[in-house]
Amino acid sequence: MTVTKLHIETTINGEPREFLCDSHETLLSALRNGLGLTGTKEGCATGDCGACSILLDGRLVPACLVLAPEAQGRAVTTIEGLSSGDALHPLQQKFLEHAALQCGVCTPGFIVAAKALLDAKPNPSEDETRYWLAGNLCRCTGYDKIIRAVLDAASEMKESAI
Amino acid sequence: MTTPREFKYVGTRPIRHDGVDKVTGRASYGADVVWPGMLHGFVLRSPHAHARIVSIDTRAAEATPGVKAVLTGKDLPETTATIALGEAAIDLRDVGDNMLARTKVLYHGHAVAAVAATTIDIAREAAEKIQVVYEVLEPVTGIDRAIAADAPILHPALRTKGAASPGAAGPTNIASRLEFKRGDVDAAFAEADVVVEREFRTPMVHQGYIEPHACIARCGEDGRAVVWCTTQGPFVVRDACAAIAGLDPAHVKVIPSEIGGGFGGKIVVYLEPMAIALSRKAQRPVKMVMGRDEVFRATGPTSGSRVRVKLGAKRDGTLVAATASLWYEAGAYRGSPVGAGAMCALAAYKIPSFFIEAHDVVVNKPKVAAYRAPGSPIAAFAVESVVDEIARELKMDPIELRLKNANAEGDKAPYGPKYGPIGLKQILEAARNHPHWTSPLAANQGRGIAVGFWFNAGMNSSATVILDTDGSAAVVTGNPDIGGTRAAQAIMVAEELGIPVERVRPGVGDTDGSGYTDLTGGSRVCYATGMAVIRAAEDVRDQLKARAAQIWNVAVDAVGWENGRAIPPAGTEKAEAMTVAGLAAKMAHTGGPIVGRASLYAPMAGPAFGAHICDLEVDSETGQSKVVRYTVFQDVGRAVHPGYVEGQMQGGAAQGIGWALNEEYIYDADGVMENAGFLDYRMPVASDLPMIDTVIIEVPNPLHPYGVRGVGEVPIVPPLAAVANAMRDATGIRFTELPLSPPRVLEAIEAASAVSVGA
Ligand code: FES
Ligand code: FES
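Top line first, the protein sequences correspond to chains A and B. Just so you know, we're using the numbering used here here: the first sequence kicks off at 11 and counts up by one. Just so you know, we're using the numbering used here here: the second sequence kicks off at 233 and counts up by one.
Derived by calculation from the structure, the hints in this document are not laboratory data. Worth double-checking, as some hints may not be accurate.
Listed next, the in silico SDA-like pairs over lysine to any residue satisfying Cα-Cα at most 20 Å (straight line) [unchecked claim]:
{"id": "1", "chain 1": "B", "residue 1": "K858", "chain 2": "A", "residue 2": "K15"}
{"id": "2", "chain 1": "A", "residue 1": "K15", "chain 2": "B", "residue 2": "E357"}
{"id": "3", "chain 1": "B", "residue 1": "K818", "chain 2": "B", "residue 2": "D700"}
{"id": "4", "chain 1": "B", "residue 1": "K858", "chain 2": "A", "residue 2": "E136"}
{"id": "5", "chain 1": "B", "residue 1": "K858", "chain 2": "A", "residue 2": "A144"}
{"id": "6", "chain 1": "A", "residue 1": "K15", "chain 2": "B", "residue 2": "G298"}
{"id": "7", "chain 1": "B", "residue 1": "K858", "chain 2": "A", "residue 2": "Y141"}
{"id": "8", "chain 1": "B", "residue 1": "K858", "chain 2": "A", "residue 2": "S135"}
{"id": "9", "chain 1": "B", "residue 1": "K361", "chain 2": "B", "residue 2": "I288"}
{"id": "10", "chain 1": "A", "residue 1": "K15", "chain 2": "B", "residue 2": "I352"}
{"id": "11", "chain 1": "A", "residue 1": "K15", "chain 2": "B", "residue 2": "N894"}
{"id": "12", "chain 1": "B", "residue 1": "K858", "chain 2": "A", "residue 2": "D137"}
{"id": "13", "chain 1": "A", "residue 1": "K15", "chain 2": "B", "residue 2": "T350"}
{"id": "14", "chain 1": "A", "residue 1": "K15", "chain 2": "B", "residue 2": "T351"}
{"id": "15", "chain 1": "B", "residue 1": "K858", "chain 2": "A", "residue 2": "E138"}
{"id": "16", "chain 1": "A", "residue 1": "K15", "chain 2": "B", "residue 2": "R356"}
{"id": "17", "chain 1": "B", "residue 1": "K636", "chain 2": "B", "residue 2": "D548"}
{"id": "18", "chain 1": "B", "residue 1": "K806", "chain 2": "B", "residue 2": "G792"}
Beyond 12 Å from chain A on every Cβ pair, some chain B residues (computed) [unchecked claim]:
{"id": "19", "residue": "R248"}
{"id": "20", "residue": "H438"}
{"id": "21", "residue": "D480"}
Note that beta-carbon positions come from the ideal geometry of N, C-alpha and C, so glycine has one too.
Excised from the complex, chain A in its bound form (with noise of 0.2 Å):
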């Protein structure tokens, strides 16, 4: 058998990682199954869902569009890296308290699609809430409550930040 494994260094939520991938394996299938950081979900695989979604270099992307190699150096953020120390990130507290999951295998796409969304838009109206987490796939809620969770989010953050 040849030998046809890349090696690829990176840093995934904040530290220093390293992982051996097949040339054409997806970021989503190393992250899942070389790394074990099962929270990034497979849905489709295509790009159309959204339960993969992850940032790279700050950019909201599906995981399972992106190939492993191309995290050669970059930096990646998945949901795992969310939450800071003992304390969740507004947006995981908010989906709590608005009961905005059901079965929960979408929210941490949801959470992470709508951390980029924050990040670049501090103040989004429903509307852009909406269009921005369109990619995400939810099939359980209707979606109602995950947008009035994202804007409460957004709003809890504007107010800490005063």
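Given the coordinates of chain A, work out where chain B with the ligands should sit on it, guided by the hints.
Structure of chain B with the ligands alone, referenced to chain A:
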């Protein structure tokens, strides 16, 4: 009448106990585990919709380095077992054949072989080396073809069960035919002032859970198997795995993972027995995970349909007669939900004379699975559209028309029993009085209303409540939690024991760690399993009272219970009320640990109704439509955790809106699904929907100690017709075929304007 109970925890909105794991990504779903030495399984699927399997040669696959096991239908025993599922039964012969074809493939994507290898890539490449020789047959891709005189026959041994149509005797694709009737329909129609008849069609649609099917299984030399999987029913999986893989059920343990949505589609097995059989051959654990295209092609969906409905009414709006002819696609094996559809079709209305016939039709498409109130949305789409037309003919408010004919307590349901207390009139009155109903509409907008019904289920449930020495408690049931049922169960234990809800730890047991429990489905968990939880908590309370009696040296009957404390009988010396924590601390000295348990079979449940108002805005240039306002009214009996009750109402509405506006299985002439991905099978996204308002109505269900009714299924029933009625209002066009996708709407608008220009 007893005075209504005052609740302390029921009706509150605590944060769900499993929530932090879910918002941090720590919760483990079907595909999230790794077992040491694990192999990866891949399924080879049929490229044909209908073909005879002539031969399968697996030698090249087996010889591939890294391949540890290859499986075909011949490796599995044929079973005749069935699993009881409420009134219905799951035929495991069909389930096994559907999981892995033996002699014929019956739809594009039907599994024909499976490979387990050290990596998924090796397994996939090896599977491609399997040589399958097919004798290709003509596919039957719809009801019309399936019932034609010269139709190809899917199952040569199939004969129509039930009330066969006249002249039907030989091989057929009509698996069953049912009739329901009351009164003299012809005479009743003769007396009607208005008669409306229409025929409706709906395509197959998928449940669309975001988490694909996934499992991991290991089977040892001793024939004992352990399965971890995403399922709504671990006990169903256990019994199905045993029968299909040829094991003793005593030797199978199923551990349910967190489940990423099910909606009825994660009840039957698609992978688990294959994973066991591969593991048995390879003597290593085998993990199998479906891709989204496999989920579309080989799991779910619910039936495509053809439904003809005729209603007759008096000029004052009284409905006098109805006929309905329902034809539902079962997919490749019998078992569409057409019977339930027929029973639900007229459930809302007092109609003295009706005749309903229901047909279950096999076609070369995936075998249908349960989907939220199975069968009812399709029937409601037809009936509620025709009711809307009757209201228009009579120039009557559609809510008034429905109220005039609405069933209430004591009325005989069209499907047999007498209704107990039901909230149909209450939800209609709430809808009529809601500001949404009378708010002005903008240009190009229309408003529609429709009602929906579901029986809800009871069945078998067990629960254990375990008291700890610090006075906290764990509660374990066998129901995977899809939408917040653990939080509801914790609330129930808190309510009964008077301990804070945060001090209750709700959990889902595996098949060895919980009493037998039927699946999470039928809107039964909060109702039936909830009842078991309440009784198990009561069992703990009774034991605590006995301990207190022992401490005070008084008779058990003399011990009272108030606000989570045992109260000594008046005049007992040196006795003070004792809290749960106080009594729990003394457990070791008063008889040992306290475990409460309860198990029950609930033969019935409280049926429920919902009414939805939809405002739709239609762009007549593009045919594009958008829901601009939506309100859901539902009788839930009693909302234990209102946040998750609202969530069910909103989620069901959104699914139904997707069914109405966009979702459909599209097939080519060869029976190949053309849109097996989320890009082309378009489910609603956040920007497609407005906030979905909810109005919870509580007409307590007398069968449950708190009055709980099932909640989860009803909300998918009304939207199809609510949206279509809004479309009728906005465009003047009655659409009888779903989905109301832009091309279809545009075509109809253009045809209508051509007619009016020509006229
Ligand atoms: S798994 Fe990446 S978008 Fe669906
Ligand atoms: S909560 Fe189940 S998919 Fe969103």
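We went through each hint and held it up to the structure:
Annotation: proposed proximity of K858(B) to K15(A) is violated, straight-line Cα distance about 49 Å (limit 20 Å). Our distance criterion of 20 Å between C-alpha atoms is met by K15(A) and E357(B), whose separation comes to about 18 Å. The suggested pairing of K818(B) with D700(B) holds, with an alpha-carbon distance near 11 Å, which does not exceed 20 Å. Under the criterion of a C-alpha separation no larger than 20 Å, the hint pairing K858(B) with E136(A) is consistent with the structure, at around 16 Å.
For the hint linking K858(B) to A144(A), the alpha-carbon distance of about 15 Å falls within 20 Å, and the restraint holds. The hinted pair formed by K15(A) and G298(B) meets the criterion: a straight-line CA distance of about 17 Å does not exceed 20 Å. Simply put, K858(B) and Y141(A) have alpha-carbon atoms about 14 Å apart, close enough for the 20 Å limit, and the pair holds. In summary, the hint linking K858(B) to S135(A) is supported, as the alpha carbons are separated by about 19 Å, within the 20 Å threshold.
Proposed proximity of K361(B) and I288(B) is supported: the alpha carbons are some 11 Å apart, at most 20 Å. Taken as a hint, the K15(A) and I352(B) pair is honoured in the structure, with Cα atoms around 15 Å apart against an allowance of 20 Å. Note on K15(A) and N894(B): the hinted pairing is violated, with a Cα-Cα distance of about 43 Å set against a maximum of 20 Å. With a CA separation close to 14 Å, the supplied pair K858(B) and D137(A) stays within the 20 Å bound.
Restraint check for K15(A) and T350(B): satisfied, since their Cα atoms lie roughly 16 Å apart, inside the 20 Å limit. With a C-alpha separation of about 14 Å, the suggested pairing of K15(A) with T351(B) holds against the 20 Å cut-off. As the CA atoms of K858(B) and E138(A) are separated by approximately 17 Å, the hinted pair is consistent with the 20 Å bound. This hinted pair checks out: K15(A) and R356(B) have alpha carbons roughly 19 Å apart, not beyond 20 Å.
Annotation: proposed proximity of K636(B) to D548(B) holds, straight-line Cα distance about 9 Å (limit 20 Å). Only pairs whose Cα atoms come within 20 Å are accepted, and K806(B) paired with G792(B) is accepted, the gap being roughly 16 Å. The beta carbon of R248(B) sits about 7 Å from the closest Cβ of chain A, which is not more than 12 Å, so the claim that it is off the interface is violated. Listed as a non-interface residue, H438(B) fails to keep its Cβ farther than 12 Å from every Cβ of chain A; the least gap is roughly 10 Å.
With 12 Å as the threshold on Cβ separation, the claim that D480(B) sits away from chain A holds: the shortest Cβ distance comes to roughly 32 Å.
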